[in-house]
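As you go down the protein sequences, you meet chains D and R in turn. For the first sequence, my numbering gives the first residue as 1, with consecutive numbering after it. For the second sequence, my numbering gives the first residue as 87, with consecutive numbering after it.
One or more of the hints may lead you astray.
Pulled from the structure, derived: some chain D residues nowhere near chain R, Cβ distances all over 12 Å [to be verified]: (1) L8; (2) A11; (3) R20; (4) V30; (5) L41.
Among the chain R residues that face chain D by a calculated CB cut under 7 Å, a handful are [to be verified]: (6) K90; (7) G91; (8) A93; (9) V95; (10) L104; (11) I105; (12) R107; (13) F109; (14) A111; (15) A119; (16) K127; (17) W129; (18) W130; (19) I171.
Each computed DSS-like pair below joins lysine-lysine, with the alpha-carbon atoms no more than 25 Å apart [to be verified]: (20) R/K94 x D/K47; (21) R/K118 x D/K77; (22) R/K200 x R/K118; (23) D/K47 x R/K100; (24) R/K127 x D/K77; (25) R/K200 x D/K77; (26) D/K75 x R/K90; (27) D/K17 x D/K47; (28) R/K94 x R/K118; (29) D/K54 x R/K100; (30) R/K90 x R/K118; (31) R/K200 x D/K75; (32) R/K90 x D/K77; (33) D/K54 x R/K94; (34) D/K42 x D/K54; (35) D/K17 x D/K42; (36) R/K127 x R/K90; (37) R/K90 x R/K200; (38) R/K90 x D/K47; (39) R/K94 x D/K42; (40) R/K94 x R/K200.
Just so you know, these hints were derived from the structure itself, not from any lab. Positions of the beta carbon are idealized from the N, C-alpha and C atoms, including for glycine.
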Amino acid sequence: MNDLVTQLGLAQPQVSKHLRVLREVGLVDVRHEGRQRMYRLKGHSLKPIHDWVKNYERTWNESFGALDELLEELKGKQEGEGRNDE
Amino acid sequence: MTSKGTAKVTLPTKTQILITREFDAPKHLVYKAWTTPELIKRWWSANRGEVTVADVDLRVGGTWRWVMLTHRGFEVAFHGEYQEIIPNERIVCTEVFEGMPEAGAVNTLTLAEKNGRTSLAILVQHETQEHRDGHINSGMEAGMQDAMDLLEQAVTAL
Numbered sequence: 001m002n003d004l005v006t007q008l009g010l011a012q013p014q015v016s017k018h019l020r021v022l023r024e025v026g027l028v029d030v031r032h033e034g035r036q037r038m039y040r041l042k043g044h045s046l047k048p049i050h051d052w053v054k055n056y057e058r059t060w061n062e063s064f065g066a067l068d069e070l071l072e073e074l075k076g077k078q079e080g081e082g083r084n085d086e
Numbered sequence: 087m088t089s090k091g092t093a094k095v096t097l098p099t100k101t102q103i104l105i106t107r108e109f110d111a112p113k114h115l116v117y118k119a120w121t122t123p124e125l126i127k128r129w130w131s132a133n134r135g136e137v138t139v140a141d142v143d144l145r146v147g148g149t150w151r152w153v154m155l156t157h158r159g160f161e162v163a164f165h166g167e168y169q170e171i172i173p174n175e176r177i178v179c180t181e182v183f184e185g186m187p188e189a190g191a192v193n194t195l196t197l198a199e200k201n202g203r204t205s206l207a208i209l210v211q212h213e214t215q216e217h218r219d220g221h222i223n224s225g226m227e228a229g230m231q232d233a234m235d236l237l238e239q240a241v242t243a244l
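Chain D with its partners taken away, still in its complex shape (with noise of 0.2 Å):
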């Protein structure tokens, strides 16, 4: 927790409060030893967000895979243009 507040830069009332809405979504767990609480995160809770947006992020992997292609082209015509203007 002390650790998270340095490197937040943030009050550690600030910081409690999000860790207590990271927890409650699952997000993190935390684990007491002595006097300190340790957060650990919960990376696969985040899954289901990645595989929605990669989804989305998909079409448009095709659609610019495309545009390369036409890029490519684009830069030989006028690579092509040039040498007819010398």
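For this one, chain D is given, so just place chain R on it according to the hints.
Frame of chain D; chain R shown alone:
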């Protein structure tokens, strides 16, 4: 050097989508490919279908409309109005997916060139989180359709 499959989609706020990608070409060519109807027709639909309409009235207050006819026979149409145009650098326009006409967004496209490569960013600003999520979901459906098509191809090839 290939950039295949390197588009990044992030959700900076509850109402935004940010799409980024780098291209191995100068920015004026990316801009040209994005604003010229004959060129839009060659990349936008990729292997998902055919672009049947690519109307671009490139001036502030001018409108645009892009329509794709997918291989499965349904039409996916978008339209909007240009709000700001800085040639080769920036386009701000509204965007309406005609399947969800109430969920209009404002898109800001920016192009930045470095060493002959261009970084493209599209920031999609929706009015509500519900609209933003609907936008992502429509892409997911398209993604699922693609997956089904690929599966069908794979199965027929057996």
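How the hints compare with the structure:
1. L8: holds (18 Å)
2. A11: holds (23 Å)
3. R20: Check passes; 19 Å lies beyond 12 Å.
4. V30: holds (26 Å)
5. L41: With a cut-off of 12 Å, D/L41 remains clear of chain R, as the shortest Cβ separation is near 18 Å.
6. K90: holds (5 Å)
7. G91: holds (5 Å)
8. A93: This hint holds: R/A93 lies near chain D, its Cβ roughly 4 Å from the closest one there, short of 7 Å.
9. V95: This hint holds: R/V95 lies near chain D, its Cβ roughly 4 Å from the closest one there, short of 7 Å.
10. L104: Given a least distance of 11 Å, the restraint on R/L104 is violated.
11. I105: Since chain D brings a Cβ to about 6 Å from R/I105, closer than 7 Å, the hint holds.
12. R107: holds (5 Å)
13. F109: holds (6 Å)
14. A111: holds (4 Å)
15. A119: With a closest approach of 6 Å, the R/A119 hint holds.
16. K127: Constraint on R/K127 not satisfied, violated at 10 Å.
17. W129: holds (4 Å)
18. W130: holds (6 Å)
19. I171: violated (20 Å)
20. R/K94 x D/K47: OK: R/K94 and D/K47 at ~16 Å, within 25 Å.
21. R/K118 x D/K77: holds (13 Å)
22. R/K200 x R/K118: holds (18 Å)
23. D/K47 x R/K100: holds (18 Å)
24. R/K127 x D/K77: holds (18 Å)
25. R/K200 x D/K77: It holds: about 21 Å lies between the C-alpha atoms, which stays within 25 Å.
26. D/K75 x R/K90: holds (18 Å)
27. D/K17 x D/K47: holds (23 Å)
28. R/K94 x R/K118: holds (22 Å)
29. D/K54 x R/K100: Given pair D/K54, R/K100 holds - Cα atoms ~17 Å apart, limit 25 Å.
30. R/K90 x R/K118: At roughly 20 Å apart (the allowed maximum being 25 Å), R/K118 and R/K90 satisfy the hint.
31. R/K200 x D/K75: holds (16 Å)
32. R/K90 x D/K77: Distance of about 22 Å is within 25 Å: holds.
33. D/K54 x R/K94: holds (9 Å)
34. D/K42 x D/K54: Distance of about 19 Å is within 25 Å: holds.
35. D/K17 x D/K42: holds (18 Å)
36. R/K127 x R/K90: At roughly 20 Å apart (the allowed maximum being 25 Å), R/K90 and R/K127 satisfy the hint.
37. R/K90 x R/K200: The hint holds at about 19 Å.
38. R/K90 x D/K47: holds (23 Å)
39. R/K94 x D/K42: Since the Cα atoms of R/K94 and D/K42 sit roughly 22 Å apart, the hinted pair holds (cutoff 25 Å).
40. R/K94 x R/K200: holds (19 Å)
The structure is inconsistent with the numbered hints 10, 16 and 19, although it conforms to all the rest.
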